[in-house]
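Grab the two chains, each in its own frame, and use the hints to assemble them into the complex.
Read off the chains here:
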Amino acid sequence: MSEPEAATEAREIAAGARDRVRFEEEALALADQVYRVARRLVGSREEAEDLVQDTYARAFRSWRSYTPGTNLRAWLLRILTNLNIDRGRRIQRAPDTQPLEEGDYYLANKVAETQGEQALDQERVVERLSQDSIVDALSSLPHDFRDVVVLVDIGDFSYADAAQILDIPIGTVMSRLHRGRRQLKARLADEAA
Amino acid sequence: MSHEDCEKCEELLQGFLDRELTPAEVALAESHLDGCDYCRRRYKFEESLRRYVKLSAVERMPPGLLEKLGQLRGIEM
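Chains as they are written, first to last, in numbering that gives the first Met the number 0: chain L, 0 to 192; chain W, 0 to 76.
Treat the hints with care, since some could be wrong.
Claimed, not checked - With a Cα cut of at most 20 Å, we get these calculated EDC-like pairs of lysine to aspartate or glutamate:
no.: 1; chain 1: W; residue 1: Lys67; chain 2: L; residue 2: Asp49
no.: 2; chain 1: L; residue 1: Lys109; chain 2: L; residue 2: Glu122
no.: 3; chain 1: W; residue 1: Lys53; chain 2: W; residue 2: Glu19
no.: 4; chain 1: W; residue 1: Lys67; chain 2: L; residue 2: Glu48
no.: 5; chain 1: W; residue 1: Lys53; chain 2: L; residue 2: Asp160
no.: 6; chain 1: W; residue 1: Lys7; chain 2: L; residue 2: Glu101
no.: 7; chain 1: W; residue 1: Lys43; chain 2: W; residue 2: Glu9
Hint data in this document are derived by calculation from the structure and do not stem from the laboratory.
Here chain W stands alone, though its shape is the one from the complex (with noise of 0.2 Å):
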């Protein structure tokens, strides 16, 4: 295992993750990963920590906005 092919991997962490990377670079990291404990714990802790954050960082709407919000409906330019 290259340090550079870990360089790289590391590069493609974020867009793996978000599902924004081309089929050949999923492809290149999934290769890269298979054979890699280090990369593939770094990408699972990732993973976690980002369900995590959206986890903490989500406050569901305040009860009564909705109604206000419903209140608004049919108003005119």
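Next comes chain L alone, as it looks inside the complex (with noise of 0.2 Å):
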């Protein structure tokens, strides 16, 4: 190898390091909220730590396949779900074919019969819930429904991240979005009421 070669050679790996560095150091700074999604997708605190350090170790060996500039926390989701779907806790189906029940009124009438219908107009209406009974309620909803529940609602992703993420079509994330909110305000109902 000639000198400028060998030049332009470790040039070239320098910038490669820097990539990696900034890839990593990025990737990082997103773990928080990665865990936030992973915590609510899990049923354990430790299970939660352990996805997302399988995550990262696999984030850290394949970050050239992802592209600069584009969603890092939707690449890392991405990966997170996929882990999650190959631990094999999904066995259980989501019923799909059950028919909508409520509409998306159904807890807000609620409170509004017991409480009266001004009742919906003070912001602390819903603050009887218990914390608990959320999560609980979170917990207890089919797979499929919970991970798009999770990544819009806790995640903050667009239709269109969740559809990628879970490599599903943006159809099918809506009618799982709607149908695991309107079962979270089912199973809330009993409470709020």
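This is the structure:
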């Protein structure tokens, strides 16, 4: 190898190392947000920690397949949801053919029935629900529904991002999200009313 | 206020709060909400509920996890 070639190669190696360090730092800066989603996808804090560690191990190994400038948080969550599915926790199938039960106003209507229409104007009306019961209700959703509800409502992902992360059509995201939220509200209704 | 208008508004609720509606659908929902206390209260309730669900469900990363993740840096295929 000639000297100029060696110098070029050295520069490329240095540039690659810099890209890698930048990738790792950007990924680590998102760890808390990744953990928040992971925590609600699995049953325990320990499982969530394991899942996040496996996700980062895989992400750091395959950092070259990430396209700079695209949504890194979505890229990490895609790895995470795939690992979670690979772990075989997904035996249960969502009852997709089940008809939609109540409408979206269901829980509000229940509250209005028992506490009066004006109660809905009060910001605090929802705080009658215990935070534990909300967490329990979320974790009792069928996995397919829960994944979408957690990505959109806890992770703040768009429908399009959730579709890409879970590798399902956007229409499926919407129907699972709406069904999941309705089931969640149905589970909370007894306590709210 | 017709009952069908409220039903249509209920259908738009989720997409409205998710900011996933088309501008025409947003305009439709807003023009109905302007004149309908019933739907407006339910939109507001849903919005508060969502904020509260999120607040309740968010758990911070345990101390020490970030350091463990940092130790994974630099691993090769």
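Consistency of the hints with the structure:
About 10 Å separates the Cα atoms of W:Lys67 and L:Asp49, which keeps this hinted pair within 20 Å; it holds. For the hint linking L:Lys109 to L:Glu122, the alpha-carbon distance of about 16 Å falls within 20 Å, and the restraint holds. A hinted pair counts as satisfied when its Cα atoms are at most 20 Å apart, and W:Lys53 with W:Glu19 qualifies at roughly 19 Å. Taken as a hint, the W:Lys67 and L:Glu48 pair is honoured in the structure, with Cα atoms around 10 Å apart against an allowance of 20 Å.
As the CA atoms of W:Lys53 and L:Asp160 are separated by approximately 19 Å, the hinted pair is consistent with the 20 Å bound. Restraint check: the Cα-Cα separation between W:Lys7 and L:Glu101 comes to about 15 Å, which is no more than 20 Å; the hinted pair holds. Distance check on the hinted pair: W:Lys43 and W:Glu9 sit about 12 Å apart at the alpha-carbon level, within 20 Å; holds.
Checked against the numbered hints given earlier, the structure satisfies every one of them.
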